[in-house]
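Colleague: So the chains spell out like this:
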Amino acid sequence: MTADLSRARLESGEVLVVERLGGGLLELVARLPHLAASAAPGSFAQLRCGSGTTPLLRRPFSVAWTQDDTCGFVFEAVGVGTRILSALQPGDPLDSLGPLGHGFTLTSDGPVVCVSGGLGCAPFPLLIGELRRRGVQDIIVLNGARTATRLYPAERFARPGPSVTVVEATDDGTRGHHGPVTELLVTALRAQPSALYACGPNPMLNAVMSTLTGTEMELPAVLEASLEAPMGCGFGTCLGCALPMLDGDRSVWRLCCTDGPVMPMRDVDWMGLSALPGADVA
Amino acid sequence: MTALAGDAALDLGRGLVLPNPVGLASGTAGYGFELEQLIDINRIGALYTKGTTVAMREGNPPPRVAETGAGMLNSIGLQNPGVDVVATEFARRWRGWSIRIIVNIAGGSVEDYVHCARVLEPVAEVSGLELNISCPNIAHGMDFGRDPAAAARLVAAVRAVTGRCIVVKLSPNVTDIAAVARAVEDAGADAVSAVNTYVGRKIHRASGRPVLPLGTGGLSGPAIQPLALAAVAAVSAAVTIPVIGVGGIIDAPSAQDFFVSGASAVQVGTATFVNPRTALDVLDGLEAHEGRRAVRRPSDPPTS
Chain A
5 MTADLSRARL ESGEVLVVER LGGGLLELVA RLPHLAASAA PGSFAQLRCG SGTTPLLRRP
65 FSVAWTQDDT CGFVFEAVGV GTRILSALQP GDPLDSLGPL GHGFTLTSDG PVVCVSGGLG
125 CAPFPLLIGE LRRRGVQDII VLNGARTATR LYPAERFARP GPSVTVVEAT DDGTRGHHGP
185 VTELLVTALR AQPSALYACG PNPMLNAVMS TLTGTEMELP AVLEASLEAP MGCGFGTCLG
245 CALPMLDGDR SVWRLCCTDG PVMPMRDVDW MGLSALPGAD VA
Chain B
2 MTALAGDAAL DLGRGLVLPN PVGLASGTAG YGFELEQLID INRIGALYTK GTTVAMREGN
62 PPPRVAETGA GMLNSIGLQN PGVDVVATEF ARRWRGWSIR IIVNIAGGSV EDYVHCARVL
122 EPVAEVSGLE LNISCPNIAH GMDFGRDPAA AARLVAAVRA VTGRCIVVKL SPNVTDIAAV
182 ARAVEDAGAD AVSAVNTYVG RKIHRASGRP VLPLGTGGLS GPAIQPLALA AVAAVSAAVT
242 IPVIGVGGII DAPSAQDFFV SGASAVQVGT ATFVNPRTAL DVLDGLEAHE GRRAVRRPSD
302 PPTS
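Sequence order for the protein chains is A and B. Each number in the numbering used here comes from the position in the first sequence (counting from 1) with 4 added on. Each number in the numbering used here comes from the position in the second sequence (counting from 1) with 1 added on.
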């Protein structure tokens, strides 16, 4: 099936600010009117990093939030592309292709649980804003990171509007629960959420799924994760971003860029996903 | 004969006339259904489809792509739905398109290629075949491309079952690309496209292991443009059939380099991933050149 790319557009925008949040987390804010008007929660933009031939490929970023004609992106300077983005100055051009990808299934019924690990916070502010517009009041964010400085600031998960309940966890115990974010999950599930959305490193997502299937509780009707994969084009032509998904009992390749990046967690081949090598970042 | 690069039609023979010399390279445009939504695809001369095989192929395990300096490696493994889907469902969706559809076919045996050619022969929406004798990412993918005699046998066998224009996509991973080009011309090919990707390797420095699971992949992008130009110059000096230049084109000047080196048409590949409009920009740029700069065709005497 061919992806619906009818909303995707090339757009030349303008950087407003690159904000240092601490712990290496960066928030890029840019004027991109088309993307701001058409991004759905969970969708992403392919951003050009510089204008030369190295790095050659665009980089995919979740649209973290939109406000009027601006968009926010959360990332970390880990490779050649993100280092270029981190050095952008107000007024610099920013070339975007988007929105792309299949986003979250939106519910109108609370409660809703969002599980975020590290940079996995990126898609949640836009999602939470849209859930609010649909009348969902009871939103719990479980936000985990290695250490306190790397926690996405709790107040930014709801932008704009009243705050959501954010429960934090750090691997080193510098803030919130001392331990993996998945240890907060069982308590959150007692609220009997209608939807659970997750985004973070693959081992965390795997742990979320194991925790869910390990409980006696009924699983939320909507159970989705935003995944990632090394990507060539972002719009379904290069076939580079294959992810292992279940089709019945069979593991098949699906494209992160157009079948995802949001996938039903019930359909992910978690064994296959765990077996994939880590990202090649240089 | 002196022609202009952005000049309109190019007759490749067997009823295939490209409305303009700019095409979308195999493996970088799928079957056109994504790009159709992003650009005015029917302004482009030709779509060379994703490599298509007898049966559906699921492709290689990830990671399948890895970025390199001014380029990228891929190891997709010919993921495609199989020729029957292309000949029926996809052909229906191509109805009314003016971009010429040239189906790239691949296989592990002469019979595979012949089967694909037979299935596509009655399909009106298909204007030609591009024989992929140069895929570096499947077992035996390059066997035909490395051996002039084997390449010639393959072309002759497909020639026997099709009246369609046959383009042969040459592998650069050979000792003498001109010898392969001459062999396929003699066997009845109507044109050659040069070049497919170069075999390359990238190391994951944290682990010291190759990034791609098969160890190597196909290198494309602007990094290979000078290599592709050299191959096109060698091939166009060796054959009289049209040469379609492909490899690292990112804009009109980098496409113009191919015409100057003997190509009659070009394909835009990896650059489409970065900017889906690249082929249109190349076309517009070449047309802007018209009347200002004549471009040498293979039949003209060399200028250097």
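Since the hints were made in silico from the structure, they are not lab data. Errors might be hidden in some of the hints.
[Claimed, not checked] FRET-style restraints, in silico, Cβ to Cβ:
hint	chain 1	residue 1	chain 2	residue 2	range
1	B	A56	A	T6	44 to 54 Å
2	B	G83	A	D271	44 to 54 Å
3	A	D176	B	G109	33 to 43 Å
4	A	E80	B	T241	53 to 63 Å
[As the list claims (entries may be wrong)] Only some residues are given here: those of chain B computed to face chain A with a beta carbon under 10 Å:
hint	residue
5	T163
6	A224
7	I251
All values derive from a computational prediction rather than experimental measurement. For glycine and all other residues, C-beta sits at the position ideal for the given N, C-alpha and C.
Colleague: Would you mind marking each hint as holding or not holding in the structure?
Modeller: Verification of the supplied hints:
1. A56/B with T6/A: 44 to 54 Å: Given range 44 to 54 Å: violated, Cβ gap about 21 Å.
2. G83/B with D271/A: 44 to 54 Å: violated (24 Å)
3. D176/A with G109/B: 33 to 43 Å: For D176/A and G109/B the Cβ distance comes to about 54 Å; the hint is violated.
4. E80/A with T241/B: 53 to 63 Å: Given range 53 to 63 Å: holds, Cβ gap about 56 Å.
5. T163: For T163/B, the interface hint is violated, since the closest Cβ of chain A sits about 27 Å away, which is over 10 Å.
6. A224: Hint holds; A224/B Cβ to chain A Cβ min 8 Å, cut 10 Å.
7. I251: Hint on I251/B: holds, closest Cβ of chain A at ~7 Å, below 10 Å.
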